[in-house]
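Quick mapping for you: the protein sequence lines, in order, are chains Z and D. Heads up, the first sequence is in numbering that gives the first Met the number 0, so the first residue is 0 and it goes up one at a time. Heads up, the second sequence is in numbering that gives the first Met the number 0, so the first residue is 0 and it goes up one at a time.
Errors might be hidden in some of the hints.
DSSO-like mimics (lysine-lysine), calculated; alpha carbons at most 30 Å apart, straight line [to be verified]: (1) Lys270(D) <-> Lys149(Z); (2) Lys70(D) <-> Lys149(Z); (3) Lys142(Z) <-> Lys116(Z); (4) Lys10(D) <-> Lys33(Z); (5) Lys10(D) <-> Lys84(D); (6) Lys73(Z) <-> Lys10(D); (7) Lys258(D) <-> Lys116(Z); (8) Lys70(D) <-> Lys151(Z); (9) Lys116(Z) <-> Lys270(D); (10) Lys70(D) <-> Lys33(Z).
Since the hints were derived computationally from the structure, they do not count as laboratory data.
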Amino acid sequence: MGFLRRKEKTAFEGDGLVLFADVQAALKAERALKRAGHTISLVAPPPRLRKGCDLAVAINLVEQPGIERLFEEKDVYYVAIVPLDEGCSELLDIVQVTDFGNWTMVKAGNMKLSFDKGSGVIVNTSGGGCPDIPVMHAEMIGKKLDEAPKPKEIGFTLCALMLHRALEECLRLWQGSEQK
Amino acid sequence: MMLIAGTVPDKNMPLTVGEIGSDGDYLAVGGHRFPCAQGTGAMVSAALTVTDYLKLNRPTVVVAGDVGEGKGSRAIYEYIIQNVKSLAPRVLALHYWLPDMALTRRLCDAVEKCDERPIMIADAASMYSAKAAGMASRFDIFTPDATEMAFLADPAATHPAYIARHLFDTDITKTPELVDIAYRNKNAPKVLLVKGAIDYIIRDGEIIETVDQPDVPALEAIGGTGDTITGLVAAFVYAGLELQEAAIVAAKANRMAGKYARPTPATRVNKIIEQFPVVFERHLCEWSGECCITGGENE
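Extracted from the complex, chain Z is given alone in its bound form:
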């Protein structure tokens, strides 16, 4: 008689937590995330992160923007999404600007977006490494800053969120120069 071989299962290791005000919200979030195909697990948050109930959902932090959008669509109310590691800082919120003469490049985190100063047309995106970034590269180039799709709306990952921040700063710079 042979032994049935159990299929190897990978234990999920999340690096982010979704915190909720009550257990019902956490359970609703779990259902919504599993139905959408996200790999997650229900966990007890560490004491320092207890903001409401003692049930949280561990997630792959890189999927934060897609998860936030899903919660909005499914009316899932949550308190916050935070990195699990104690030493982690808040999401990077500073940008760097490079002047290329006729073009401006804005860098937010690991993402860069460049636009034509005169027309406001996006001429390039670079950086990053998550799967939605080449999609946005193809979708955004050639479009005006105020008409291009928003990475936060079509992307799923932290790279997309950084690109969104770069887009917001480009828009601010371009609209500011238009008013002068």
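Please build the complex by placing chain D on the supplied structure of chain Z, with the hints as guidance.
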């Protein structure tokens, strides 16, 4: 075999494995096509220019469509975990995918079971997941840019979006300090090629060489020019160059191709890739020290 793995921006493309071919501005494998643009496409295209120039076997790719939801990424991880031992690649280069720490650990364990361990190269999100999973020291080469170098130096960060502010606020000249921290925390591979206004080539924590000429600032704005460096490194290692030599030659070749293309921030990466054969023709003998590199499997 040189095995390159990564996602492509086509939701409908299934997991596909095979030798890569070119089809105009596209790459072709197993009856599917994907663009030679930012991401895995640019990386594979650059590697292909090297193998074709040196008349080596073309790269074998493991690709799957993924627009950020992760399904294609997980299919790639699982395929490599199940098949890396039987495929026995000499070089395994990992690129765009959704970072997954647990799957990265399983992949690294599967690689350790190979009869002969492949040379492991990672860039983009495969580098993020390798570092986040604590597996960086199992790799041979990473190719980060300055921000990603700060990410490797931040012991707590699992993605460059969460690096500490003081590390992000540094410029490329601070690379030696960041490198030192990353190696102390065992968050770096044997060789690092840090891409920027100055390219740093580091082995086991020691700066071996810097490359800063020709200076083509517009390259930083062009999506895919970091990906091409990774493709060049992988292919030069496959061709038989030592790890650090491959990194140096790749850095020089990418810059020179940029110079020949006379780019602006609006230039597309395929215009840079088009220049590689000319760059190899004019400079490869001089840079590599040999006019016939024969480490890879010849056609």
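Quick rundown of the hints versus the structure:
1. A threshold of 30 Å between alpha carbons decides the hint, and for Lys270(D) with Lys149(Z) the separation of about 27 Å falls inside it, so the pair holds.
2. Restraint check for Lys70(D) and Lys149(Z): satisfied, since their Cα atoms lie roughly 23 Å apart, inside the 30 Å limit.
3. A C-alpha spacing of about 13 Å is found between Lys142(Z) and Lys116(Z), which places the hinted pair at or below 30 Å, so the restraint holds.
4. At most 30 Å may separate the alpha-carbon atoms for a hinted pair to count; Lys10(D) and Lys33(Z) meet this at roughly 20 Å.
5. Our distance criterion of 30 Å between C-alpha atoms is met by Lys10(D) and Lys84(D), whose separation comes to about 28 Å.
6. Distance check on the hinted pair: Lys73(Z) and Lys10(D) sit about 23 Å apart at the alpha-carbon level, within 30 Å; holds.
7. With a C-alpha separation of about 24 Å, the suggested pairing of Lys258(D) with Lys116(Z) holds against the 30 Å cut-off.
8. Among the hinted pairs, Lys70(D) with Lys151(Z) is consistent with the structure: their alpha-carbon atoms are about 20 Å apart, no more than 30 Å.
9. Between Lys116(Z) and Lys270(D) the alpha-carbon distance is near 23 Å, which keeps this suggested pair within the 30 Å criterion.
10. For the hint pairing Lys70(D) with Lys33(Z), the CA-to-CA distance comes to about 13 Å; that is within 30 Å, so the pair holds.
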